[in-house]
Amino acid sequence: MIMVNPEERSVHSRELDFTIQGMSCAACAARIEKTLGRMDGVSEVAVSFPLRTAWVQVSGGVTKELLAEKVEQLGFSAKLNESASEGLHRERGWLLIRLVAAILLTLPLMAGMATHMPGLQPATELLPEVLFLPWLQLALATMIQFVIGMPFYFGAYYAVRQRSANMDVLVVIGTTAAYLYSHYVVFRDGLFEGGAHGSPLYFETSAVVMTAILLGKYIETSASLKAQKESLGIHELRVQSALVERGGAITSVRTEYVRKGDVVHVGEGEFVPVDGTIQQGESTLDESLLTGESAAVAKGQGDGVWAGTRNGAGKLTVITGAAGHDTLLSRIQELVHQGQRAKSSLQSQVDAVAGWFVPAMLITALLTLGVWGFVVDPGNWSKAALCAIAVLLAACPCALGLAAPISLVIASGRLAKRGIVAKEAGAVERLASIRTLVLDKTGTLTEGKPKVSFIGPLGLGRSSLLRLAVALESESAHPLADAIREEAERIGLVTPDAERIVYAAGGGAQGWVRGDHAVIGNARYVRSLGLEIPRDARRQAAEREAQGETVVYVMEREACAGVIGFRDRMKGDAVQMARELRRLGVQPIVATGDHAAPANTVAKALGIKEVHASMLPENKLELVEKLKRSGKRVAMAGDGWNDAPALAAADVGIAMGNGTYGALSAGHITLIFSRLQAITEAIRLSRLTIRNIRQNLMFALCYNAVIIPFAAIGYLQPWMAGTAMALSSVSVVANALRLGARMERAAERSR
112 MIMVNPEERS VHSRELDFTI QGMSCAACAA RIEKTLGRMD GVSEVAVSFP
162 LRTAWVQVSG GVTKELLAEK VEQLGFSAKL NESASEGLHR ERGWLLIRLV
212 AAILLTLPLM AGMATHMPGL QPATELLPEV LFLPWLQLAL ATMIQFVIGM
262 PFYFGAYYAV RQRSANMDVL VVIGTTAAYL YSHYVVFRDG LFEGGAHGSP
312 LYFETSAVVM TAILLGKYIE TSASLKAQKE SLGIHELRVQ SALVERGGAI
362 TSVRTEYVRK GDVVHVGEGE FVPVDGTIQQ GESTLDESLL TGESAAVAKG
412 QGDGVWAGTR NGAGKLTVIT GAAGHDTLLS RIQELVHQGQ RAKSSLQSQV
462 DAVAGWFVPA MLITALLTLG VWGFVVDPGN WSKAALCAIA VLLAACPCAL
512 GLAAPISLVI ASGRLAKRGI VAKEAGAVER LASIRTLVLD KTGTLTEGKP
562 KVSFIGPLGL GRSSLLRLAV ALESESAHPL ADAIREEAER IGLVTPDAER
612 IVYAAGGGAQ GWVRGDHAVI GNARYVRSLG LEIPRDARRQ AAEREAQGET
662 VVYVMEREAC AGVIGFRDRM KGDAVQMARE LRRLGVQPIV ATGDHAAPAN
712 TVAKALGIKE VHASMLPENK LELVEKLKRS GKRVAMAGDG WNDAPALAAA
762 DVGIAMGNGT YGALSAGHIT LIFSRLQAIT EAIRLSRLTI RNIRQNLMFA
812 LCYNAVIIPF AAIGYLQPWM AGTAMALSSV SVVANALRLG ARMERAAERS
862 R
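According to this note's numbering, the residues represented by the sequence shown are 112 to 862, in order.
Simulated from the structure, these hints should not be mistaken for lab results. Incorrect hints may have been included.
What the hints assert, rightly or not - Here are the computed lysine-lysine pairs in the DSS-like style, where the Cα-Cα straight-line distance is at most 27 angstroms:
1. LYS340 <-> LYS371
2. LYS720 <-> LYS739
3. LYS737 <-> LYS715
Using the sequences provided together with the hints, build the complete structure.
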């Protein structure tokens, strides 16, 4: 990703995306990024070679058409109204046609090669003599080189014109040199005079190399298509139309035209097309492809449903809350795309190396030519040329350029299917090395849905105390405020209004109720206002906290009106998560705004030894920064609201979502539905991803480190070098595709 012209960013900026055809390696993507990044009105550019897509943030009068024109000036084809998968399907189809044609034209040339192989010589006697005619072999080789191989020439031409070098440059120089060398051998030995049965013509060299490269590109493109399917599989959950009840009739409407409040009918076995609430009906829904939970979830009237989940045996009517691009599924898809646009530090380092690779190989080939021609075998320029050609054809920048991005593309899609959204590629890389995890308590280790468990009035009646608390918490989004309001509604209390309410994050609230100053909050907050907490209130609070409850004090006219206790259930998968963290070598730490007693109760149940209680948001931030200064790689898991500063400061911030849209904006990684085991899944899967990338890099680097020297010292014929080059890319993409299956197995083990 290239970020440029930051002054171009404004409230009027827009995001444009389109597909690109004609890229042969990561160097092509880098060249497009660099060129588009120089345009006025462009603030950020990201081009993905595996996905064949471009994403551009623009402002002013920059349009897709203007960007497409710039891309086409570089020799590529920009498709403005075509999906990435359609583009890859088209590219693969065109490659297949070229590959089949190349194979059919190369097979006759192989007859000439067979005459040099002792084991096959008797069989060549059975072949028609016409196959050995030099003019026929010249014609076939020429068609392969300049008709079937023409796209390589176009790619090389545009790259050189931009003072750049890519895989096309290596292919064109290498195969053209092999083709011209064949001419040299034929004319040198006078083989055009009559037949050439048994005489080496070498026309098969350039043809076999071109065919092998096309085969490698075809397999590579097929793998990219499969990787894209892995990545964008969550897109398959999006329903295009919905059965909407309008005017007394049920009609099929495209989901983008469904409005909030519309009643949607969902039949048995159908995917839910909108986010909403069940109005009528009961069923079980399969949410596995959105949340990662394998078990179907029973749903009934009043329960929420999400687009992309699959209905079971019952029929449902759903009141629409969000549809089209406003659904949770669409937000997740956009975040997956956002994560794929960004580059990890590892990928950036590899891209920097790949940028110098092609020029370095051109220099290596020239040095090989010179060393052979002047030093090793002076005057034997035929041998020198063959070795130099072999070096050019053996060099493979594609394998290096694909090593990181194709694995990250697959990983992002697999993670999204588990309800884990990585908003940047670097987060996956950093998470793999995490050894310390700071966990918030409320809403992270616990359900985040506390219930009022105790009301202890001091001088007021229970109802009066609760009315006072509800008035102060009337506008708060804190879980304890929700619990207070829920309790008041349960017993049917009519509550007064509060004025001039001031909320303190992690502390409480103060305001004026019926003309009197009132306060609700924890002990530290109450004392910070200069108010005294009487012994009776402290005793009641201590008793409730000893039972693992959370306590707040209610003050009126500077006197304590009473104590309210809350109980929040620990999540069902918390124990399993803590056990998995220890297996993964990750130290869990609890950091909570709650008092020490309830915090220690939860930590003890989970076997967590280090607990930091009564922490304000800024205290959590200080804790994370202190751990980082000590040299630890730190992740922070929290609710995305009160924990936002600590989430941002951590190496990896993990926001615990609850199926809401707001949680998606927090953290580097978001767990859509707050499954605690998703944390350990994310760590395990990120380690698998980085291991896969390192394996890919090992394949690519070892291949180049071994094959190129062998080619330079003359141990490889050019056709062998070209074939090996094609196979190296195939080995990388094949290994990357293994990642999807391995991630699925690892996720199953974590359940």
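Checked hints:
At most 27 angstroms may separate the alpha-carbon atoms for a hinted pair to count; LYS340 and LYS371 exceed this at roughly 31 angstroms. Simply put, LYS720 and LYS739 have alpha-carbon atoms about 19 angstroms apart, close enough for the 27 angstroms limit, and the pair holds. Straight-line distance between C-alpha atoms of LYS737 and LYS715 comes to about 24 angstroms, which keeps the hinted pair within the 27 angstroms bound.
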